[in-house]
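Given chain A, work out where chain B should sit, using these hints.
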Amino acid sequence: MGPIMKVTAQPADTTLTLVLDGELDASSAVVLDTELNKPELLKYKKVLIDCQRLSYISSAGLGVFISHLQRLQDSNVKLVFFNMQEKVFNVFEILGLDSLMTIVPTEQEALAA
Amino acid sequence: MQDRLRISCSRENLQQVRDFVRGFLVSAQRSDMVVNQVVLAVDEVVANFIIHANGEDASQFLDLLLVLADQHLDIEIEDHGSTLFLPAGKVANPDLRAYIQQGRKGGMGMALVSRIMDQVEFFERNSHTVCHLTKILK
Chain A
1 MGPIMKVTAQ PADTTLTLVL DGELDASSAV VLDTELNKPE LLKYKKVLID CQRLSYISSA
61 GLGVFISHLQ RLQDSNVKLV FFNMQEKVFN VFEILGLDSL MTIVPTEQEA LAA
Chain B
1001 MQDRLRISCS RENLQQVRDF VRGFLVSAQR SDMVVNQVVL AVDEVVANFI IHANGEDASQ
1061 FLDLLLVLAD QHLDIEIEDH GSTLFLPAGK VANPDLRAYI QQGRKGGMGM ALVSRIMDQV
1121 EFFERNSHTV CHLTKILK
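In order, the protein sequences belong to chains A and B. First residue of the first sequence: 1, per my numbering; consecutive thereafter. First residue of the second sequence: 1001, per my numbering; consecutive thereafter.
So here's chain A without its partners, still in its complex pose (with noise of 0.2 Å):
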């Protein structure tokens, strides 16, 4: 069975945009993970996740994010999730994790965020 999650990358100036496309779950964590780990991800300001495509996240792919969010904090790199289908945002939701990670509707309030 091959990958059911793709993750492409759009540097753009000081902002990376981390597209996602498929399912995130203990089998596919893996790969969000290996991006968000690589070093020249702390050069951005901010790391925008178009969540349009993410039709699916369990706990492993939201410990992913929350795993990476001190270190990106910590290099003043902001995280920020935007295009969110309302069921992916509802699992934020059910652990209060809305409240604690910046989540718009759009691209450009996620520019301007």
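Simulated from the structure, these hints should not be mistaken for laboratory data. Don't take every hint at face value.
What the hints assert, rightly or not - Computed, partial: chain A to chain B, Cβ under 8 Å:
| no. | residue |
| --- | --- |
| 1 | Ile4 |
| 2 | Asp21 |
| 3 | Glu23 |
| 4 | Leu69 |
| 5 | Ser75 |
| 6 | Lys78 |
| 7 | Lys87 |
| 8 | Val91 |
Unchecked claim - With a Cα cut of at most 25 Å, we get these calculated BS3-like pairs of lysine-lysine:
| no. | chain 1 | residue 1 | chain 2 | residue 2 |
| --- | --- | --- | --- | --- |
| 9 | B | Lys1105 | A | Lys43 |
| 10 | A | Lys38 | B | Lys1105 |
| 11 | B | Lys1105 | A | Lys87 |
Said to hold, decoys possible - Here are some, though not all, of the chain B residues that point toward chain A, as calculated from beta-carbon distances under 8 Å:
| no. | residue |
| --- | --- |
| 12 | Leu1014 |
| 13 | Phe1020 |
| 14 | Gly1106 |
Bear in mind the structure is a predicted one, so any value in this text is a computation, not a measurement. Glycine included, each C-beta is placed from N, C-alpha and C at the ideal position.
Below, chain B without anything else, positioned relative to chain A:
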């Protein structure tokens, strides 16, 4: 209505489990949000059985049974591995601010299950671990 699935203990089979639960609930005409929540609860329990109880030993297997009668959903996940795995059904609220500071990856799965399902129970049957989840689908 009811349906069954047997999978081996490999995390690559989580997708198959989710497709199975989704297909069952969509055919019962449940909303996208409710379907996703129940899929998530089952995925979390199955991932725990595969990774923590069976160490991803693909020679071991799990049986899933879904039963929906009116609005009452019963889910049984039976672990045929030889090690008993009996976590608490209800778990304390995770301190997410501390998790962020510690860069912690795990420890949220059963909290999600507890908040989504009405009842979460782990018990022993014939020397195997069984997880029973229930939810009234409104």
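Quick rundown of the hints versus the structure:
no. : hint                : result
1   : Ile4                : 6 Å, holds
2   : Asp21               : 14 Å, violated
3   : Glu23               : 7 Å, holds
4   : Leu69               : 5 Å, holds
5   : Ser75               : 13 Å, violated
6   : Lys78               : 14 Å, violated
7   : Lys87               : 4 Å, holds
8   : Val91               : 6 Å, holds
9   : B:Lys1105 - A:Lys43 : 23 Å, holds
10  : A:Lys38 - B:Lys1105 : 17 Å, holds
11  : B:Lys1105 - A:Lys87 : 21 Å, holds
12  : Leu1014             : 5 Å, holds
13  : Phe1020             : 14 Å, violated
14  : Gly1106             : 6 Å, holds
In terms of the numbered hints stated before, the structure departs from hints 2, 5, 6 and 13, listed from lowest to highest.
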